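Student: My request is simple: use the sequences and hints to build the entire structure.
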Amino acid sequence: MAMQSDQPAKQQYQNFRIVHQIKRRVRIIAPALIKDSERCFILEILLRKRNEITQVNGSPQIGSFAISFDPDHLPATNLLMMLDTILENIGKRSAQSFQSAHTIDTSQPPQEYTFSIEGMTCSSCALLISMILNRDPRIRNADVNFATETVNLHGWLSADDAKTLITKAGYTAHPANTLSQRKQQIDRDEKRLKTSWKAVKWSGLLSAPVVVLGMAFANTPVLRAVQLILTTPVVFWHGRQFFSKAWRLAGMKTANMDSLIALGVGSAYGYSVVSMIRGNRHLYFEAAAAIVSFVLLGRYLEERAKGKAGEAIRKLVDLQPQTAIRIEHGQETVVDVDDIEVGDRLLIRPGAKMPTDGKVIEGLSTVDESMVTGESMPVIKDVNHGVVGGCINGDGRLIMEVSAVGADTVLARIVHMVGEAQASKLPIQKTVDSISSVFVPSVMVIAGLTFTGWLVVGAPFSIAFANAITVLLIACPCALGLATPAAIMVGTGQAAQRGIYIRNGESLETAANITAVVFDKTGTITEGKPKVDDLINISRLSPTKVIQLAASAEVNSEHSLGQAIVHFARNNDITPGRMDDFVSKPGRGIRARKGSHTIILGNEAWMREQHIDLQQLPNHAMKLAEQSKTPVYMAIDGEEAALFGIADLPRKTAQQTIKRLQQMHVKTCMLTGDVEQTANNIARQVGINEVISEADPEQKLTVIRHMQEQGEIVGMIGDGVNDAPALAAADVGLAIGSGTDIAIETADLTLVQGDIAKVADAIEISSNTISIIRQNLFWAFGYNVVAIPVAALGRLNPMIASGAMALSSISVVLNSLRLARKNKEDSL
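Each residue of the sequence shown is one higher than the last, beginning at 182 in our numbering.
Rather than coming from a laboratory, the hints here were simulated on the basis of the structure. On a predicted model such as this, the values are computed, not experimentally measured, just so you know. Just so you know, not all the hints are guaranteed correct.
Result set (DSSO-like, lysine-lysine): computed pairs, CA atoms no more than 27 Å apart in a straight line [to be verified]:
no.: 1; residue 1: Lys775; residue 2: Lys726
no.: 2; residue 1: Lys726; residue 2: Lys710
no.: 3; residue 1: Lys540; residue 2: Lys364
no.: 4; residue 1: Lys712; residue 2: Lys804
no.: 5; residue 1: Lys833; residue 2: Lys712
no.: 6; residue 1: Lys372; residue 2: Lys349
no.: 7; residue 1: Lys364; residue 2: Lys375
no.: 8; residue 1: Lys848; residue 2: Lys833
no.: 9; residue 1: Lys833; residue 2: Lys710
no.: 10; residue 1: Lys766; residue 2: Lys726
no.: 11; residue 1: Lys364; residue 2: Lys344
no.: 12; residue 1: Lys344; residue 2: Lys375
no.: 13; residue 1: Lys766; residue 2: Lys804
no.: 14; residue 1: Lys775; residue 2: Lys712
no.: 15; residue 1: Lys364; residue 2: Lys379
no.: 16; residue 1: Lys710; residue 2: Lys540
Tutor: What follows is the structure, encoded as structure tokens:
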């Protein structure tokens, strides 16, 4: 059972908010304080010092901490008070460092920026940018992702200041908040890929003769001069990027993979020039040229593979047109989509895409909204109907008024959600980042020891030198850095193409381990298109008046049952009126007032809470429930008045989904506020054995926690306001995309097309992604564990080492791309 505490589960403490609390585990959100890796690390150390705390799992990317503890020796209340004190002290130290460096008003909410980064060549570049940004006290958190070449940052600084920090590190930042900015990023990537191919082609053409001459031991003065002439442009023109970055990094007293390459190539070239002048036979021009060519080829292939991995974002971005037709003073003008402003009037011709979100103010047409709702049939759009950017107009001509632009549109938010998920890090990535941060300096030390060791055992200088260079080149932190983000990028992209939007990497990892899925009924198991089939009127009012009062009371309700009553009224040419007062209790019902009449609608529990004496209606309600119809009671002026019987059929995919989950050994449960008979009938039709009915939001929360306490990893799927607490408490919350905003915002995954079959798809995609990540990490770690000692022992030459290093990164990305094929096979 859920822990009984003096503090409610959503209690706002001074420094944090509890989002999940059971007897031996508490999960908190403290975004203002622990969304910083350094402060997160400090908090983790302080907590681990307590013997009563058995486990601490911090996720600074989402400002979350999960703490497992012994309640017998450390009561939950004491733990929470201790957390409050620790976080307050950390916050004071942080505030002091803020004030010492900048005058910043931290009471204002931090700004959020997304930039695409140009110039990153390996995962250590991402680590470097992340380190520089997170050192700045104005930045609360910065997540840099090499696979997507983006940075998401939150802080109290301007976008220009953020760009300046990135530029000082030697990289170029471009804003990537709007769809058009994302489109520009894609265009830049395509141009860069073409430029990279030219560099690969010319570098290869110049290097090939040098490699042939080197392998043929052609040591005549003329042939040596030919090698020098051909190698020089390869090293100093095509390979100049390695030296320029290594030089900038050296000035910052740091290093990355470019430093290793520059050191290896520069040493091989410099040694060869000196040897040629002295007349020595040992030259390494072929190694210097081949290293540059192999690395350039490897990075080109890596870029191409990463482009395929990011195909989901590309397809979403392409949904938005680049121009729109604006109507001003009766004149039509073609404008760039970035120049559109809220309130503008746009002409939408037949077959054209909606440039942005808005509402129809003139015209009648059908619109294909499948990209948002998954509905295959076009939807009729009339005056005052809303339209979404990216959707395709049918045969009619429409004039729309813009209601949202840029990053505020539905499509931009979807792209941002997918981008955030692709840029997020799994908990295992923290360990990988820690290893990568010390990897390059360690390799340099190993190379130095290799050189010294070979000289000590009596080897010639040239042999010791070649083996040291080989160690520098064989090491590959790129494969380590790509192992997780490349798989996440492909996995979340595949999920997005199938209508599953994953909010963060932690949810992706947890979804792979789900052992139980809890379903809401109305709008989740059922189609969410309820209609009134029965009206039992026991009042003195006419049926028309009863319907009019009920619809007037429900017209402001978000609940699908309330909207069914409103539609029922309108279908019978009854216009809902306006209410003077409206109160809603999620999971119960509503109360409203119209003139002298007080109207109450809801379930039986709500009626009893409102002290309505039910005598005649419960018998009728039982009969309706036996027919799988949901009874909605109505009371007028404190007396039972009517009963609506509302039918909502199960989704066509519901039975197959439940069967599929059970075959995956995932438990299924229905958790609903509906009456027992209706819930049992629907559950029986779809194959769910465990049903908990007549549950309000607090009871749903209790059920989720009880299942977690029993060791289940719980996924909760719902669509309503009354589901929000349970969605937040579940290990993975899944929201129906057609549901309420609060349910979608609370959930970890959103099923945009409203198809619950996507629940099983999400679990499979997550499992496949985690499996690929493990394979990638095994390969990346294994490669370095084997390759570095082999190189140190002199069993490789520099040219082969550079080729192997390039292939290791490519293999990780190609292995990640297998996800697309595997997930496609699973969906068939």
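Student: Starting from Lys775, check that the Cα of Lys726 is at most 27 Å away, please.
Tutor: It holds: about 12 Å lies between the C-alpha atoms, which stays within 27 Å.
Student: Please work out if Lys775 and Lys712 have their alpha carbons no farther apart than 27 Å.
Tutor: holds, 24 Å
Student: Quickly compare the C-alpha distance for Lys726 and Lys710 to 27 Å and report which way the hint goes.
Tutor: At roughly 24 Å apart (the allowed maximum being 27 Å), Lys710 and Lys726 satisfy the hint.
Student: Given the hint that Lys710 pairs with Lys540, does the C-alpha gap stay at or below 27 Å?
Tutor: It holds: about 23 Å lies between the C-alpha atoms, which stays within 27 Å.
Student: Has the given pair, Lys833 with Lys712, been kept, meaning a C-alpha gap of at most 27 Å?
Tutor: holds, 17 Å
Student: For a C-alpha distance cap of 27 Å, please report whether Lys833 and Lys710 respect it.
Tutor: holds, 13 Å
Student: Would the hint linking Lys848 and Lys833 be met if the CA-CA limit is 27 Å?
Tutor: holds, 20 Å
Student: Holds or violated: Lys766 and Lys726, Cα atoms, limit 27 Å.
Tutor: holds, 24 Å
Student: Below or equal to 27 Å on CA atoms is what counts here, so check Lys712 against Lys804.
Tutor: Answer holds: Lys712 to Lys804 is near 17 Å, not above 27 Å.
Student: Does Lys379 lie within 27 Å of Lys364 when you go C-alpha to C-alpha?
Tutor: Holds - the C-alpha atoms of Lys379 and Lys364 are around 23 Å apart, at most 27 Å.
Student: Would you check the hint for Lys344 and Lys375, treating anything up to 27 Å between C-alpha atoms as holding?
Tutor: Given that 27 Å is the threshold and the Cα spacing comes to 26 Å, the pair holds.
Student: Is Lys372 within 27 Å of Lys349, Cα to Cα?
Tutor: Holds, because 24 Å separates the two Cα atoms, which is no more than 27 Å.
Of the numbered hints listed earlier, not one is contradicted by the structure.
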